[in-house]
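Residue numbers (our numbering), protein chains in the order written: chain A, 37 to 363; chain B, 15 to 293.
The set of hints was computed from the structure by calculation and includes no laboratory data.
You may find that some hints are simply not true.
[To be verified] Think about it this way: if two alpha-carbon atoms lie no more than 30 Å apart in a straight line, the pair counts; the simulated DSBU-like pairs of lysine-lysine are:
{"id": "1", "chain 1": "B", "residue 1": "Lys244", "chain 2": "B", "residue 2": "Lys270"}
{"id": "2", "chain 1": "A", "residue 1": "Lys54", "chain 2": "A", "residue 2": "Lys293"}
{"id": "3", "chain 1": "A", "residue 1": "Lys89", "chain 2": "B", "residue 2": "Lys270"}
{"id": "4", "chain 1": "B", "residue 1": "Lys27", "chain 2": "A", "residue 2": "Lys88"}
{"id": "5", "chain 1": "B", "residue 1": "Lys113", "chain 2": "A", "residue 2": "Lys89"}
{"id": "6", "chain 1": "B", "residue 1": "Lys154", "chain 2": "A", "residue 2": "Lys199"}
{"id": "7", "chain 1": "B", "residue 1": "Lys244", "chain 2": "B", "residue 2": "Lys113"}
{"id": "8", "chain 1": "B", "residue 1": "Lys45", "chain 2": "A", "residue 2": "Lys88"}
{"id": "9", "chain 1": "A", "residue 1": "Lys89", "chain 2": "B", "residue 2": "Lys210"}
{"id": "10", "chain 1": "A", "residue 1": "Lys293", "chain 2": "A", "residue 2": "Lys353"}
{"id": "11", "chain 1": "A", "residue 1": "Lys89", "chain 2": "B", "residue 2": "Lys181"}
{"id": "12", "chain 1": "B", "residue 1": "Lys181", "chain 2": "A", "residue 2": "Lys88"}
{"id": "13", "chain 1": "B", "residue 1": "Lys154", "chain 2": "B", "residue 2": "Lys244"}
{"id": "14", "chain 1": "B", "residue 1": "Lys179", "chain 2": "A", "residue 2": "Lys88"}
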Amino acid sequence: MINPNIFNNDVEQVPIRKGFGEGLVIAGDNDIRVVGLCADLTDSTMMSLFAKKYSHRFVEMGVAEQNLASVASGMAAMGKIPFITSYAMFSPGRNWEQIRTTICYNNRPVKIAGSHAGVSVGPDGGTHQAIEDIAITRVIPRMVVISPCDAIEARKATIASAKTDSPTYIRLAREKTPIITTNATSFEIGKAQVFFDGAEGKNKNDVGIIATGALVYRALKVAQFYKEQGIKIKVLNLATIKPLDEQAILSLAQETKAIVTVEEHQIAGGMGSAISEYLAQHYPVPQEFIGVKDLFGQSGTPDELLEYYGMGESHIKMAVKRVILRK
Amino acid sequence: MSPISPEKIHEFKKKANDIRKTIIEMLIEAKSGHTAGPLDMTDIFTALYFHLLKYDPKRPDWAERDRLILSNGHICPVLYATMAHAGYFPVEETLTLRKFKSRLQGHPHRDFLPALETSSGPLGSGLSQAVGMAIADRLKFFYCLTGDGELDAGQNWEAMMLAGKNKLGNLIVIVDRNKIQIDGFTEDVMPLEPLKLKWESFNFDVIEIDGHDFEQIITAVNQAKSVLDKPSVIIANTIASKGIPEFEGKFEWHGKPPSTPEEITTARNALNKIEEQLK
């Protein structure tokens, strides 16, 4: 179901945002109502693929993210399906209130693609590393939040989001990311998928890891590592952070009674928070959180930064041990 | 040559006064809300809904309607009152303004009143939405109403640049130049002048009018509609709280309703007096 080469050292790597760019072209092929708007970052958000093919359906906004969100709302009011792009720090960062009021409160099906999310943006430094975007989007009523784990999933998420009436945030990373899924891997908004089953369906797993975005790859590697040690881990890929696939989360908690959440985002308000909000009410189990602990990012290589901010494989491994001890 | 007969103008004045009376009763009943803006924009709303706009109150979703986008949502009492007088809903319903479960929310919300083009309240984003609509459908007219204090918000100027760049001849902006905002007079809080030059330099066709002169309002809108190669703005010079001399021009009336018995009597008497004069 997932890429059979995922644990090879030479696994193919593609930026997640590229999947968005390709998906948008297909969404545009599928439906003439699809339009693209970008705030002066057309190439680096990969909207350029759409802008080139459908120049008459592309609006260059200049460096004006507040206008970006509200103009898209107006276009949606007239029947268009607008996709807006910038860096996540600026959209949905700078234009949050416009997204809340003119898109979500107005109930307009605008799709917000935030590129360069996470500390793995790297050398640009903390100003450009959005690690609060999941929190600020999932808190808005009506908003759907999707965080694809690789370029293929980003392509599918983009195509699928164009077919819904919901305001949607799609979180994209800048760096090349291992290809985890295949064209055949199923994707449905709101559905989580088991990407690794250490128990191989025979008996119960010891720990459940729920991961989202590019860090799904590291979660898989940790699960593979522990499998060889006799610790069985089930890894759930949570591409849709809102609405939550409650059934999948509940079954994982019931099976493992120990959850580790993994995301490249502040722990406060992120995907792990969403999981704990659900489990605390329905099936409380020990939970460990991998994410940024109330800090800003800084310059560095993606690996240096993920390690420094506690999101490396070693940290996930320790979190697995801690959660087992808390069972 | 006047585009409109003196009889017609007399009719507009009577209708505007009826709408002002509705606004004042709404505010008195609601015990909160904004007085100055709704009263000073009543003549423009009257001209729009009873002469200029293409719409059908029985089919608010009629695709071919003109779109009116109210950016400064806090002046919604004038929008609601005018819509009621235009037949969208009974005038009695206006007394539900700001009450629990009312269709007439304190700031406009499409969920509650789907006939609205947009929900609004946070200032500075209506123009962007109107620009988006005008880009999406260049064969329809879009009227965006904004306040003047609202122009302090930078997003307006982002929207103006985009409108100018795209030569949106189907976009008509009407600025309520009442020269007041919550904290004081606009020129003290954040000077807007030279406002006409600012809009011109953003590639708008600019028309400045007396916002209480029906002939000027109608002429200006028709002129704006005839400009096809650039967006238009009508800077409507208005008198805050127009119609109630004791309240007129005072920024203190921006965001409160008549509440003391004296204020309520003053407001009602002023509008009744105009009604008598128009008989």
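Structure-based check of all given hints:
1. Restraint check: the Cα-Cα separation between lysine 244 of chain B and lysine 270 of chain B comes to about 38 Å, which exceeds 30 Å; the hinted pair is violated.
2. Our distance criterion of 30 Å between C-alpha atoms is broken by lysine 54 of chain A and lysine 293 of chain A, whose separation comes to about 37 Å.
3. A threshold of 30 Å between alpha carbons decides the hint, and for lysine 89 of chain A with lysine 270 of chain B the separation of about 53 Å lies outside it, so the pair is violated.
4. Taking the CA atoms of lysine 27 of chain B and lysine 88 of chain A, the gap is near 54 Å; set against the 30 Å cutoff, the hint is violated.
5. Only pairs whose Cα atoms come within 30 Å are accepted, and lysine 113 of chain B paired with lysine 89 of chain A is rejected, the gap being roughly 50 Å.
6. Between lysine 154 of chain B and lysine 199 of chain A the CA atoms are separated by roughly 26 Å; this keeps the pair inside 30 Å, and the hint holds.
7. Of the pairs offered as hints, the one joining lysine 244 of chain B and lysine 113 of chain B is violated, with about 41 Å between alpha carbons and a cut-off of 30 Å exceeded.
8. Between lysine 45 of chain B and lysine 88 of chain A, the direct Cα distance comes to roughly 55 Å. Violation of the 30 Å bound is thereby established for this hinted pair.
9. Of the pairs offered as hints, the one joining lysine 89 of chain A and lysine 210 of chain B is violated, with about 40 Å between alpha carbons and a cut-off of 30 Å exceeded.
10. With a C-alpha separation of about 17 Å, the suggested pairing of lysine 293 of chain A with lysine 353 of chain A holds against the 30 Å cut-off.
11. As the CA atoms of lysine 89 of chain A and lysine 181 of chain B are separated by approximately 23 Å, the hinted pair is consistent with the 30 Å bound.
12. A C-alpha spacing of about 22 Å is found between lysine 181 of chain B and lysine 88 of chain A, which places the hinted pair at or below 30 Å, so the restraint holds.
13. Proposed proximity of lysine 154 of chain B and lysine 244 of chain B is supported: the alpha carbons are some 14 Å apart, at most 30 Å.
14. Using a Cα cut-off of 30 Å, the hinted pair lysine 179 of chain B and lysine 88 of chain A holds, with the two alpha carbons roughly 20 Å apart.
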